[in-house]
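Start from the sequences and build out the full structure, keeping to the hints where you can.
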Amino acid sequence: MEMLPTFLLPSLMSFLCVIFCIPVLVKIAKAKNILDIPNKRKLNKNSIPTLGGIAIFFGFTLATLFFHTETSLLSLLGIFIGITIIVSVGVIDDLTNLSPKIRLLFFSFALVSIICLSGLSFCNFHGFFGIEQCPFSLGFLITVFAGIVIINSFNLIDGIDGLASGLAIQISLILGTWFALVGQTYFAIMAFSLAASCIAFFIINVFGNKNKIFMGDTGSLLIGIIIFVLATKFNQHSAIYSGEYAIKSAPAVLIGILAYPLFDVLRVFTLRVIVLKKSPFKPDKNHIHHRLLALGLNHLHTTIAILIANNIFIVGALILQKYLSVFELTGLILAKSIILSTFLELIIFHSKKINPNDEYQNLFIPHSIMATKLINKQN
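Numbering (our numbering), first residue to last: 93 to 471.
Heads up, some of the hints might be wrong.
What the hints assert, rightly or not - Straight-line alpha carbon distances no greater than 20 Å define the calculated SDA-like cross-link-like pairs of lysine to any residue that follow: (1) K302 - L426; (2) K122 - H382; (3) K304 - V183; (4) K374 - L190; (5) K377 - A397; (6) K119 - L108; (7) K428 - Y415; (8) K414 - L426; (9) K414 - L273; (10) K428 - L399; (11) K428 - L410; (12) K119 - K304; (13) K124 - N303; (14) K193 - L358; (15) K414 - G335; (16) K122 - S139; (17) K124 - S180; (18) K304 - L127; (19) K374 - K122; (20) K428 - I406; (21) K370 - H382; (22) K377 - R364.
Claimed, not checked - Label pairs and their in silico Cβ distance ranges: (23) L432 - I411: 15 to 21 Å; (24) F158 - F201: 25 to 31 Å; (25) I184 - S371: 16 to 22 Å.
I should point out that these hints are in silico values taken from the structure, not numbers from a laboratory.
Each residue gets a CB set at the ideal place from its N, CA and C atoms; glycine is no exception.
In structure tokens form, the structure reads like this:
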């Protein structure tokens, strides 16, 4: 209870900042015509302002800088240089649509600043493939790759109301609680400030009418980079912490905590490249939330279903990490993801009439083959 004000005050500041910023940003977005315009790929029916990510940025930054604690200034500088680069890319992308190559270039710059100045990296594998500590050069490359995957995963799943912000709330609360328990106060403040910002945004994004707003690429990329920082610190500190709340298989637990965004991006990229034979960066309706919407769920119900599923993965990973190796737990999480995804596709396959002109009708590889055979038979 003594620690409660330490986390409550920055969280409250972050929450209130977002609540007060959004009405102002909505007015600016409407005046400058910075709106998400509906099209055949997007799910919104009305033009919606897309500056919500700026509010999350203001709320998170104000709280974490004002309540700066024991973290070194150099480390803090590295983290916020990286975050600022990502937010800048998001704002420009919301206004002009940057190419994937340019985005990846700036993502790399942001990640390098975080690695070099803050010292955060995935250099400890915790026994994965028999590797404990890897050379810095290898860890550097793995960290950049992991960062790009995590950032892009949150950007790609941001397709329906409340999903990206809901997952950010869930994940940051889990990581923030662990940081608080193991004495990493500042990273706990970061996690809880992100959660509070996203709670405020979630309320307005999902239930708002007059001030309804999307987070845009600015918000989803911001969430991605902050989650990356928290995940990297979690993996790094768990390698040296051996107290009551020690995590045995940290990399696998992280995969469990980030199960939905990581698996969805892996699934979508696989389907785009292998099944549909197109660029992995070309937008489509291959995401799991699109498949749930195809079953008749609305945005809120889809978001809740995904959050419940991701929470099952989180709880399972936290329990099983005491009994399974990193490799075993990772394999189990991947297997469960594939089984659930396949089950979802089977439900869709048997509940809807196949349209031979709809490339999204049967997206999982086995069912695409089944659909092709049935279509050929019908013809």
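How the hints compare with the structure:
Between the alpha carbons of K302 and L426 the distance comes to roughly 41 Å, so the proposed pair goes past 20 Å and is violated. Restraint check for K122 and H382: the C-alpha separation of about 28 Å exceeds 20 Å, so the hint is violated. The straight-line distance between the Cα atoms of K304 and V183 is roughly 18 Å, inside the 20 Å bound, and the hint therefore holds. Pair hint K374 plus L190 holds up; C-alpha atoms about 13 Å apart against a cutoff of 20 Å.
A C-alpha spacing of about 18 Å is found between K377 and A397, which places the hinted pair at or below 20 Å, so the restraint holds. Taking the CA atoms of K119 and L108, the gap is about 18 Å. The hint holds against a cut of 20 Å. Simply put, K428 and Y415 have alpha-carbon atoms about 17 Å apart, close enough for the 20 Å limit, and the pair holds. At most 20 Å may separate the alpha-carbon atoms for a hinted pair to count; K414 and L426 meet this at roughly 18 Å.
The straight-line distance between the Cα atoms of K414 and L273 is roughly 18 Å, inside the 20 Å bound, and the hint therefore holds. For the hint pairing K428 with L399, the CA-to-CA distance comes to about 16 Å; that is within 20 Å, so the pair holds. The straight-line distance between the Cα atoms of K428 and L410 is roughly 15 Å, inside the 20 Å bound, and the hint therefore holds. Only pairs whose Cα atoms come within 20 Å are accepted, and K119 paired with K304 is accepted, the gap being roughly 11 Å.
Distance hint between K124 and N303 is fulfilled; the C-alpha atoms sit about 16 Å from each other, no more than 20 Å. With a C-alpha separation of about 19 Å, the suggested pair K193 and L358 falls inside the 20 Å cut-off, and the hint holds. Between K414 and G335 the alpha-carbon distance is near 14 Å, which keeps this suggested pair within the 20 Å criterion. Of the pairs offered as hints, the one joining K122 and S139 holds, with about 9 Å between alpha carbons and a cut-off of 20 Å not exceeded.
Between K124 and S180 the CA atoms are separated by roughly 18 Å; this keeps the pair inside 20 Å, and the hint holds. A hinted pair counts as satisfied when its Cα atoms are at most 20 Å apart, and K304 with L127 qualifies at roughly 11 Å. Of the supplied pair hints, the one linking K374 and K122 is violated, its CA atoms being roughly 28 Å apart against a limit of 20 Å. Among the hinted pairs, K428 with I406 is consistent with the structure: their alpha-carbon atoms are about 12 Å apart, no more than 20 Å.
Annotation: proposed proximity of K370 to H382 holds, straight-line Cα distance about 19 Å (limit 20 Å). Annotation: proposed proximity of K377 to R364 holds, straight-line Cα distance about 10 Å (limit 20 Å). Distance hint for L432 and I411: a CB-CB separation of about 18 Å, consistent with the stated range 15 to 21 Å. Between F158 and F201 the C-beta distance comes to about 27 Å, which sits within the given range of 25 to 31 Å.
Checked against the hint of 16 to 22 Å, the pair I184 and S371 passes, with Cβ atoms roughly 21 Å apart.
Hint compliance for this structure: hints 1, 2 and 19 are broken, all remaining hints hold.
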